[in-house]
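Chains as they are written, first to last, in the numbering used here: chain A, 1 to 298; chain B, 1 to 440; chain C, 1 to 277.
I should point out that these hints are in silico values taken from the structure, not numbers from a laboratory.
These numbers were taken from a predicted model, which means no experiment stands behind them.
Each hint should be verified, as a subset may be incorrect.
For lysine-lysine, the following DSSO-like pairs were computed, each having C-alpha atoms within a straight-line distance of at most 27 Å [said to hold, decoys possible]: (1) B:K420 / B:K438; (2) B:K50 / B:K113; (3) B:K178 / B:K164; (4) B:K178 / B:K292; (5) C:K9 / B:K326; (6) B:K292 / B:K183; (7) A:K53 / B:K326; (8) C:K105 / B:K50; (9) B:K292 / B:K181; (10) B:K438 / A:K53; (11) B:K152 / B:K355; (12) B:K248 / B:K420.
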Amino acid sequence: MGIGYTRRRLQARATPFLLLLPALALLTAVAGYPLVGAARISLLQLRINTPEKFVGLENYRRLLSDPQMLQSLGVTTVFVLGSVTAAIFLAYLLALLLYQDFPGRRIVRTIVLIPWALAPVVNGIMWKSMYAPNFGPLNDVLNRIGVLSQSVNWLIDYPMASLILAYVWKVLPFPTLIILAGLEGIPHELYEAAEVDGAGSLTRFRRITLPLQRTVTLLAVILMLVDALHAFAVVDILTRGGPADRTMVLNYAIFRTAFRYLDFGYGAAMAFALTALVLVLTFVYLRAQSEAALATAR
Amino acid sequence: MRSRWWGHAVLLLVTLLVLPFLSGAPLQAQQQPLVLRVLDEGPVGNPWAKAASEYERFTNGRVRVEWISSPWPGIQTRLATTFAAGDTSIDITKTWGGWTNEFWPFFQSIDDKWPARQRATLLTYALHPVTAAGHIYGVPRHVTLYYFYWNKKMFQEAGLDPTKPPQTYEQLVAMCTKLTKDKDGDGRIDQWGYAESMDVASPMLNTFERWLYRAGGDILDARGNPVFNDRRGLRALQAIYDLIYTHKCIDPGALQLGNPATRQVFNAGRVAMMSMWGSGWAEAQDPNRASKDVLGNVGVTILPALDPTIVRSATIHGSEGYAITKAAAQRGVVEEAWRLLQYMTSRAVQLEALKTRGYMPPSLALYDDPELTRDPALAPLMAATAEAGRHPVKRFVWSEYPRLEDAIESELQAALRGRKPLQAALDSAATAVARILKGP
Amino acid sequence: MRRVRRAVKLTVIYAAVAVVLVWALFPILWIASSSIRPQYEIVATPLRYLPQTITFQSYRSAFTDPAFMRSLRNTVAVASLTTLLALATGALAAYAFARFDFALKRPLFLGVFLIRMIPAFTLAIPLFVTMRTYGLIDTIAALVLTHTTLVLPVSILIMRTFFENLPTAYEEAAMMDGATRLQAMTRIVLPLSTPALMVAAVLSMISSWNDYLFALLFTLSKARTIMVAIADVEGAFYVDYPLIVARGMIALIPPVIAALAFQRYLVRGLTGGALTQ
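Pulled out of the complex, with its shape left as it was, chain A reads as follows (with noise of 0.2 Å):
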């Protein structure tokens, strides 16, 4: 019986390890791997046209004392917080609407998915042809409408606005159905009951959608997250981080010092600052909202 038993809890033991192996396997050669391979390279100086030595630190030593990075860093961080907060904002009442019982929900559901499956390149081309100079759609409506009485050179003289637009654009679906997902998830007897109390649907909405919500908001705000600090082709093809530098954000900074200016050794050290920080952000993020969540549940 001891045997049997041993090898029994063995065999449990090892059992998600056996479920984990195909996926940890492939990650680790394909990404865990070369991820060692950029890590040695953050140590090196490494250009194109010389022949590598190691440096040690030096390539994040130097980062700390690069004027554009600081700058990248707050750039970033109108960015991400730009795009995040209106992103899940605009999810918050397209999710509310699509919740609604109309006739023809499911078309409209389905309409508003579009943007999620154009490509990324695609998305960058469209909009650079929407925002162009007094011949663009976007300035014409205005212009028509009355809204403008002149055009205005979006990518010049709001680039931040325009990239975040054009990023928040083609990933609102993806925020909303997660929210849309969240509010399906509430029983309607919650409602029912509120109501029969007198509840306004505003007093409705904050009491019982908002904190149910809360772990909903939770994962939506982390994907985006994460999506929005690795934006690029939208970057890419609408302004390239210019006007001077005003939309550089870091991971563009990091794809134009490794492949423009084929510095790879502090291309690879400024990635792993990048994510560094999204880590210790995503971190500081969780932590602050399982503080708050035990504060409500107090």
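Got chain A; can you put chains B and C on it based on the hints?
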């Protein structure tokens, strides 16, 4: 039962490991014809891709050309990755001055293949962009320079002589102002006098360079120090700034228009004059690209002077070509690659490129060829090219070109958006350039 | 009174729906119209939203270009293999994270997610070297492996969330009857989780389909995908704008069909309707 689920896990793993080999046909299997791999832009509208497939037929299938197409900005990304990884998958790559200067250690010098006598049959400025560190690394396929285009019909409508394009800055300003109109009276301008690309991607540095050279200035002096912030540089930048803000005859929107978009607005009849590559000419003759009012109504000439006492005209002379990589040498196919390149840059292909897309040939002889100089669809462009060749300027290229370009453009943009005094912007750009050239 | 209130509510809803439809469709319709007219019309004065001259030249030339059609087939192969592989490996891993307590569970889960946080460029060069070592450059396999790795973290997250919200009673009953863990999972949990699997599938499919960077770097000509084929129309001196847009429109069709076909699962699949306990 127990063994069963171990089996599943093993099966999955095996699938994972085998999958790559199932879908990836081994490269060795296709060694029968000799394969030459060319990295270039896509085959759409690309006369050299067409020539390469003709060459396959020409060799009766002995040579197969694999066309690795990338968008223009993607070529640099690809080259960087390939060379950094020590990969050998590219035998021939498209190159221009910037890339030759960055990647020449990975290119095969063709000094010995190409006798000086033969090289002398090309325009001299065609060779600069394929030369680095005193060696030739590439074969030019076409030369690149900017021309001045004007819409004759709009000139007529504005009461200007359609045969007389501006020759000086003053004339340009006068005509430009006259040609800027609000035709439908809605308070918004719908015909602009002049356009040139000021978008970063195109790049804007080129626009500044063209004015700078006409002001007699330069980016760097003979010792390699930045001098573009001197009074000549200021004069050049002021000239652009004034056209936009003082004379108000360039759409400020030009700051977000690249070369392709500039051609679009010109060919749609929204702009009366533009500075553009030779492709501007080809597109103005193409009924799919030029509107009826533009088609057949376009003239081409050299860029107007900024100050005729300095220089009549200046453009940025350059070329694009093909380089053979060291990888080709390792594979022992340099000879074959060289033969392919000779075919791809032959007279017939140069002619085809000129006629279909306005790519100017590097061969001197073609500029005296009566077949071309008498062809009304080509003669004006050929004449303008020959004329521009009398005012040659070596275009600025450096091994750190992208970094320098970004540093300068960032400041130029600030200046042209009116966010920074012109001199201050030029000074900070010069400081940034000096820092980059000094190295980290 | 009630009828009136409902009518007012519906009016408000349809007004909002109209705004949403314009928001979602206007930009796409704009470029779609750009793809079927000559280039000069796109910037004509005054701007016209409907083509004056309709030409399907760009679509014709896209569909008759064998290299483009091959890239289309490659992309279908890459995206579907990626989806299958991500679902197979992801479901197993998600199940382990959802149903077991084991050493290193949290660090492993975070580690998986960490991979999603690394900027893709960082991996590009070392990964290129790896792919080269295995002789995978210019193969579909290189892209399948890379894309699977990129989509796995989010797929695992979504499936785990769903599994966690499923009651364990069914599996326990099945295992009492002598089923193994894997049988319990494949025969009971997975069928119940169809919506989550569909979400993971659509997500994987769309990300793989739309990848440009790795498709550019890891392919030469044989395994080239559609994103590179769209972009490579752009030359330094020659840009066929209507053709780029037409190719972009063609590339949009398969992911839209996928999203539409699985639309009814998408909402349920994200949470199993029980995320908000």
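Hints and how they fare:
This hinted pair checks out: B:K420 and B:K438 have alpha carbons roughly 26 Å apart, not beyond 27 Å. Under the criterion of a C-alpha separation no larger than 27 Å, the hint pairing B:K50 with B:K113 is consistent with the structure, at around 25 Å. Of the pairs offered as hints, the one joining B:K178 and B:K164 holds, with about 14 Å between alpha carbons and a cut-off of 27 Å not exceeded. Taking the CA atoms of B:K178 and B:K292, the gap is near 22 Å; set against the 27 Å cutoff, the hint holds.
In summary, the hint linking C:K9 to B:K326 is not supported, as the alpha carbons are separated by about 71 Å, beyond the 27 Å threshold. At most 27 Å may separate the alpha-carbon atoms for a hinted pair to count; B:K292 and B:K183 meet this at roughly 18 Å. Distance hint between A:K53 and B:K326 is fulfilled; the C-alpha atoms sit about 23 Å from each other, no more than 27 Å. In summary, the hint linking C:K105 to B:K50 is not supported, as the alpha carbons are separated by about 57 Å, beyond the 27 Å threshold.
Proposed proximity of B:K292 and B:K181 is supported: the alpha carbons are some 20 Å apart, at most 27 Å. Our distance criterion of 27 Å between C-alpha atoms is met by B:K438 and A:K53, whose separation comes to about 19 Å. A C-alpha spacing of about 22 Å is found between B:K152 and B:K355, which places the hinted pair at or below 27 Å, so the restraint holds. Using a Cα cut-off of 27 Å, the hinted pair B:K248 and B:K420 holds, with the two alpha carbons roughly 19 Å apart.
The structure fails hints 5 and 8 (numbered hints given earlier, in ascending order).
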